[in-house]
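Engineer: Just so you know, the sequences run in chain order A and B. Residue numbering for the first sequence follows the working numbering, starting at 1 and increasing by one per position. Residue numbering for the second sequence follows the working numbering, starting at 248 and increasing by one per position.
To be clear, the hints were calculated from the coordinates, so they are not data collected in a lab. Since this is a predicted model, take the numbers as computed values, not measurements. Treat each hint with caution, since some may be false.
Restraint-style ranges between C-beta atoms, simulated for each label pair [as the list claims (entries may be wrong)]:
| hint | chain 1 | residue 1 | chain 2 | residue 2 | range |
| --- | --- | --- | --- | --- | --- |
| 1 | B | K395 | A | P162 | 33 to 43 Å |
| 2 | B | G577 | A | R136 | 39 to 49 Å |
| 3 | A | S89 | B | P544 | 20 to 30 Å |
| 4 | A | Q228 | B | K395 | 25 to 35 Å |
| 5 | B | D583 | A | V210 | 45 to 55 Å |
| 6 | B | R573 | A | S117 | 34 to 44 Å |
| 7 | A | Q228 | B | G682 | 55 to 65 Å |
| 8 | B | K729 | A | S25 | 21 to 31 Å |
| 9 | A | D18 | B | S652 | 22 to 32 Å |
As a list, the in silico BS3-like pairs of lysine-lysine whose alpha-carbon atoms are at most 27 Å apart [to be verified]:
| hint | chain 1 | residue 1 | chain 2 | residue 2 |
| --- | --- | --- | --- | --- |
| 10 | A | K116 | B | K395 |
| 11 | B | K729 | B | K708 |
| 12 | A | K17 | B | K655 |
Cβ coordinates follow ideal geometry from the N, Cα and C atoms, glycine included.
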Amino acid sequence: MAEKRITIRATRFDPEKDKAPRLQSYDIPFSDESMVVLDALNHIKAHVDGSLSYRWSCRMGICGSCGMMVNGVPKLTCNAFLRDYWPRSITVEPLNNFPIVRDLVIDMEDFMHKLKSVKPWIIRKQDHPLGAGEHRQTMDQIDEFRQFSECINCMLCYAACPVYGLNNEFLGPAATALARRYNLDSRDQGFAERLPVIANSEGVWECSFVGECSVVCPKGVDPAKAIQQTKLDTTMRFVLPFGTRDE
Amino acid sequence: MDSESYDVLVVGGGLAGIRAAIAVVDANPRLRVGMVSKVYPMRSHTVSAEGGAAAVLRPEDSYETHAFDTIKGSDYLADQDVVEAFVREAPIEIIQMEHWGCPWSRDPDGKISVRPFGGMTTWRTCFAADKSGFHMLHTVFQTSLQFKQIHRHDEAFATKLLIEDSRCVGVVAIDMRSGRFEAITAKAVILATGGLGRVYAFTTNGNICTGDGMALAYRAGVGLKDMEMVQFHPTGLPFTGILITEAVRGEGGYLLNKDGERFLKRYVPNKMELGPRDIISRAMTTEFEEGRGFEGPHGKYMHLDVRHLGEEVIDRKLPFMRELGREFVGIDIVKDPIPVRPVQHYMMGGVDADISGATPMLGLYAAGECSNVGLNGGNRLGSNSLSECLVFGAAAGRAAAEHASAAKAVGANPIEALLADETRRIEASYLDKKGGEERIGTIREELQHDMDAGAGVFRTKEGLEKLTRQLGSLRDRFDKIKVEDSSRTFNTELTAALELDFMIEVSDTIAHSALAREESRGAHSRRDFPERDDAKWLKHTIAFRADSAAPRLEYRDVNITNFKPQARTY
Chain A
1 MAEKRITIRA TRFDPEKDKA PRLQSYDIPF SDESMVVLDA LNHIKAHVDG SLSYRWSCRM
61 GICGSCGMMV NGVPKLTCNA FLRDYWPRSI TVEPLNNFPI VRDLVIDMED FMHKLKSVKP
121 WIIRKQDHPL GAGEHRQTMD QIDEFRQFSE CINCMLCYAA CPVYGLNNEF LGPAATALAR
181 RYNLDSRDQG FAERLPVIAN SEGVWECSFV GECSVVCPKG VDPAKAIQQT KLDTTMRFVL
241 PFGTRDE
Chain B
248 MDSESYDVLV VGGGLAGIRA AIAVVDANPR LRVGMVSKVY PMRSHTVSAE GGAAAVLRPE
308 DSYETHAFDT IKGSDYLADQ DVVEAFVREA PIEIIQMEHW GCPWSRDPDG KISVRPFGGM
368 TTWRTCFAAD KSGFHMLHTV FQTSLQFKQI HRHDEAFATK LLIEDSRCVG VVAIDMRSGR
428 FEAITAKAVI LATGGLGRVY AFTTNGNICT GDGMALAYRA GVGLKDMEMV QFHPTGLPFT
488 GILITEAVRG EGGYLLNKDG ERFLKRYVPN KMELGPRDII SRAMTTEFEE GRGFEGPHGK
548 YMHLDVRHLG EEVIDRKLPF MRELGREFVG IDIVKDPIPV RPVQHYMMGG VDADISGATP
608 MLGLYAAGEC SNVGLNGGNR LGSNSLSECL VFGAAAGRAA AEHASAAKAV GANPIEALLA
668 DETRRIEASY LDKKGGEERI GTIREELQHD MDAGAGVFRT KEGLEKLTRQ LGSLRDRFDK
728 IKVEDSSRTF NTELTAALEL DFMIEVSDTI AHSALAREES RGAHSRRDFP ERDDAKWLKH
788 TIAFRADSAA PRLEYRDVNI TNFKPQARTY
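So here's chain B without its partners, still in its complex pose:
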């Protein structure tokens, strides 16, 4: 049996995780930091973020405006104290990234440029062309290589949180290369495992976004907050789901229906293409239903047209979009409109965590997309999530460092037993399992299809009830899967099975949380309850794992400070 011990362990090597690791070192250079990631950190899904990171950097902008835009964008489900802290920290983090070498695009005077983005009333989105996430991730990863205190476990798959006396003290992980099970212990653990987009068939998310950290926390008894709030981005490429950045509209692109009409005038007349994502995705879906979409081999779509911007602007501001069009669609966006349709993109919901990233479990923290610190509420504004990874990654790192500096060491004794139990569970359920008739790939595809159909842009009671039944049946069938690969070496069928297990678990919290919320707020749009209902539903859903088939749902009031809920029109 192998074990390694740290002061702080970060699970996940994307922007939030690496930012957290560096923050631990900054807070206390004597602390040893472990980082477990199922992929090499530069493969993390931060790499696919395109448009930019929001922060108040200009004299004409204000914290209050950024806070208000975020809160209104959230459909008043954001915790306002969290938003107010976030908008103050974001500019500092953007400058920190600049000092670390991020190649932010610049104005002629050499200052960091900003661009307009959806739901933001002024220009405040910093960007590195249209590969902002890629540049931010590589910058922070390469920067992290100088810190001797950070020890990476690349391609190690976390299967379980280690809990001792109700306190989180590490994880069990499989080293993918050797197949060894390891107990990696720490005085504090930060989950930064990203989103869960792969529970949907049509998603911008990479293969690795399977809700691992959410499922790990949920199984350890920690609540998942606002899981009904799933973001659909208006502009994904049909078939692949590849993201076409909102910056295309920020830079002046038009969304056109099959009549060549800028149809958003009927939905968000004052904002048009710069409306928030939830409303534009609903507008597009409505247009499709009313027969005003284009019909293609991969379903209905709209045109996103940037031809009027000209080649020079496109090459300067949107070069990756031109590359994606050329390589994946066979079009030149300088000359051709881009086919797009709404696509699952982001999870507002996540591990219940507070303003410092602390979860209700002692020693456990969460940051980035896997967490829900209360920033995004019912709908995240584009370009707030990269900033969120920085601000709350750093906050979680500082809080974990403080906790670890004072906490007692982790005992070896129960850990050995916990590791042995987890090893036996996985060997019995997968590696040494005999028989089974269900294919992992088939169950995963059915799950994704069912989630698209039942928990998409618009929802109904009937659809969600059907989804909960389908998920129950998929859970039963998952118990009968066959695992063909018995090798210990880089067994990606084993990790696919473990991921599918997590995916069914988190999907269940989405379906039940959505079924219970009988109103429409942010990205959660119920056809049978089309209005927002502040009297009943101005509160967070918190889903706990229960012995019964369905999660147990609790509710918590939203923290309102300075911004009274009002009608959300754009």
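Isolated chain A (complex conformation):
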């Protein structure tokens, strides 16, 4: 029987030489049913074309490096199986809505600034010294914020977000979800400090509740919910200035 093969078309772009991105086609062996799109890229890089550039590391869906557009859909390429596409060809492109650094590598500095801007750390009004031991926290209290803490910063939600696509001033799904993660943590008292960032005009109010972010999230985070809840919280905060948990 002839060897099974699959065609991968990958974006190539070297800003030192190219005016615009183009697609390059590679015909490679589909030698194992367990192969994923990342394996195909690794085969190309190791055996066909060493200049193809992309990010990856853990290949188990937790480091968040290998997000790309796979046939137009934002995916972690480490768990996008070739068998789900074959015999069709697969087009692999850098994540939508981000500047391209090189080939399949996006520029995600914007997110790194946004992440920092929401103060994603525990803020306390009174210090709780180490010697006082742990804060008590029940599993129910963890369940309040758990899903938002599962964000792996893979950027698929930004690639899917039509609002971010039009206006990258928008804080966006993951950063809002992470702000929410801390706001909902029983140990945190930083809601008021984060409020100016998430309530400003380019913040959550821009979200039209399309919900694509939650659909593409590989970790079951629901950033759309975080955004809607934040809108409600923010409104309540203005209406009821003394009504929040952290006073």
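Place chain B on chain A using the hints.
Structural biologist: Chain B only, in chain A's frame:
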């Protein structure tokens, strides 16, 4: 030419590196800290750790028991003063992580939960479901964002340590995005670059685990300690090598051979599935050799069965395992057994460092998996490494801060020349190189295959000698590689070549250290020397780079305080 100067420079942005950076700021808020990482810090391999972090938190537990378990687990190759200091610091670090927001799983009374783990005599492993490393890394990274003193160089690849008058004063790094070579100087440098699992074909380690920091130190003349001690975890998924956490067995999972038998009764009858990793990996390999493994498309395997735990426990304690099973194997672990086999997982060996993380080179410190402070000896106990990253990351940060607070500034003059030399070396060897016929990918795959075959769970003199010859030949062929990518922008073929260079270097220390140790201890199991030999080998191997083909090996006695070596049975 670019250069940036700090008081302390941390190389590596995983749990140990970030913990070290924060410790520097805590020790002296006036110090400026640089952090060089070849990936964004939250991509670091800490993210893949699953089971948890060990610490004595319960009244029924004791420092002495944690120390004894660790020392016995190490097959008495751990330095006992280091272990004793570690077990006292670990609980403080776990509480510190809690204060920083780590979502530790909790008991009904709201206290941090603990779970059983291999080789631990009592429950002492703190966990955040089965994504402990992920949560710890994101917690410590996000916490670090508030410190203005910490300046990150994300996606900068360190190629060389800068040495001035036998003192480490920084690194040369390539900014991957611009391709610029930079001298990043500091009064103290902390290596926290993680492990080297990618020198093996079948590994749980991510693509970035290529032994960079070990090779950097080794090339600067610092010894690598106990490099023969490579941990194979019993439960990796066939084909991918994805880790199935030991917590699966901690929570009550069974390991079954093809006869449906809990075969560990023949190897670790008192501990069964909670035996230490080295012994269980050998037991599985022996079962395979005797024909009692399952045969699959990706080799032999065993069943790891959690069906009797029930869906509720699995979803509460092991939700990521269920997700991995569903997404990567197409099984539901609530209904199906998980196929597993031993897989390279962790490096006990590493840069020779003392209890404070100081290496023998002035100004150079090391912490986490790239280091060997003497904690893990011949075999690390599961859940000691996340705690190690915290305890010794913090210790190295404090020691580096103290050194930097008193050290003189780094001079600019020799640095410029060193940077120019290193830039020329890399341009001539890779970027501007003409010709070459060897593919990087091919040499890397052969290296990984040779390491699996020659320096795996069981070793022999013949196998290790063959491996040293293979590594010599791969080194010769590496000199003839071709680099197709001449771009300066995010050139991952260049970084793959630099990593492969490091990988061959550290593999060589593994092979030679293993060949020399003619006994079986911990993870180093010689078929031709099956017994532990305390009279001859109760000592650390230290490998130094030499002009000859082979490293020069020296030995140092193990520090024994309160625990006399005894037979290691479970």
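Engineer: Now tell me if each hint is right for this structure.
Structural biologist: Hints, verified against the model:
Between K395 of chain B and P162 of chain A the beta carbons are some 35 Å apart, a value that agrees with the proposed interval 33 to 43 Å. Checked against the hint of 39 to 49 Å, the C-beta distance between G577 of chain B and R136 of chain A comes to roughly 40 Å, which is consistent with it. For S89 of chain A paired with P544 of chain B, a C-beta distance near 25 Å keeps the hint of 20 to 30 Å intact. In this structure, Q228 of chain A and K395 of chain B meet the distance hint of 25 to 35 Å, their C-beta atoms being roughly 33 Å apart.
A C-beta distance of roughly 37 Å is found between D583 of chain B and V210 of chain A, which places it outside the suggested range of 45 to 55 Å. For the pair R573 of chain B and S117 of chain A, the beta carbons lie near 35 Å from each other, so the given range of 34 to 44 Å is met. Roughly 60 Å separates the CB atoms of Q228 of chain A and G682 of chain B, a value that falls within the hinted 55 to 65 Å. The hinted range of 21 to 31 Å is satisfied by K729 of chain B and S25 of chain A, whose Cβ atoms lie roughly 22 Å apart.
In this structure the supplied range 22 to 32 Å is violated for D18 of chain A paired with S652 of chain B, their Cβ-Cβ distance being about 49 Å. For the proposed pair K116 of chain A and K395 of chain B, the alpha carbon gap of about 11 Å is at most 27 Å, so the pair holds. Taking the CA atoms of K729 of chain B and K708 of chain B, the gap is about 34 Å. The hint is violated against a cut of 27 Å. For the given pair, K17 of chain A sits about 45 Å from K655 of chain B by alpha-carbon distance, which is inconsistent with the 27 Å threshold.
The earlier numbered hints that this structure contradicts are 5, 9, 11, 12.
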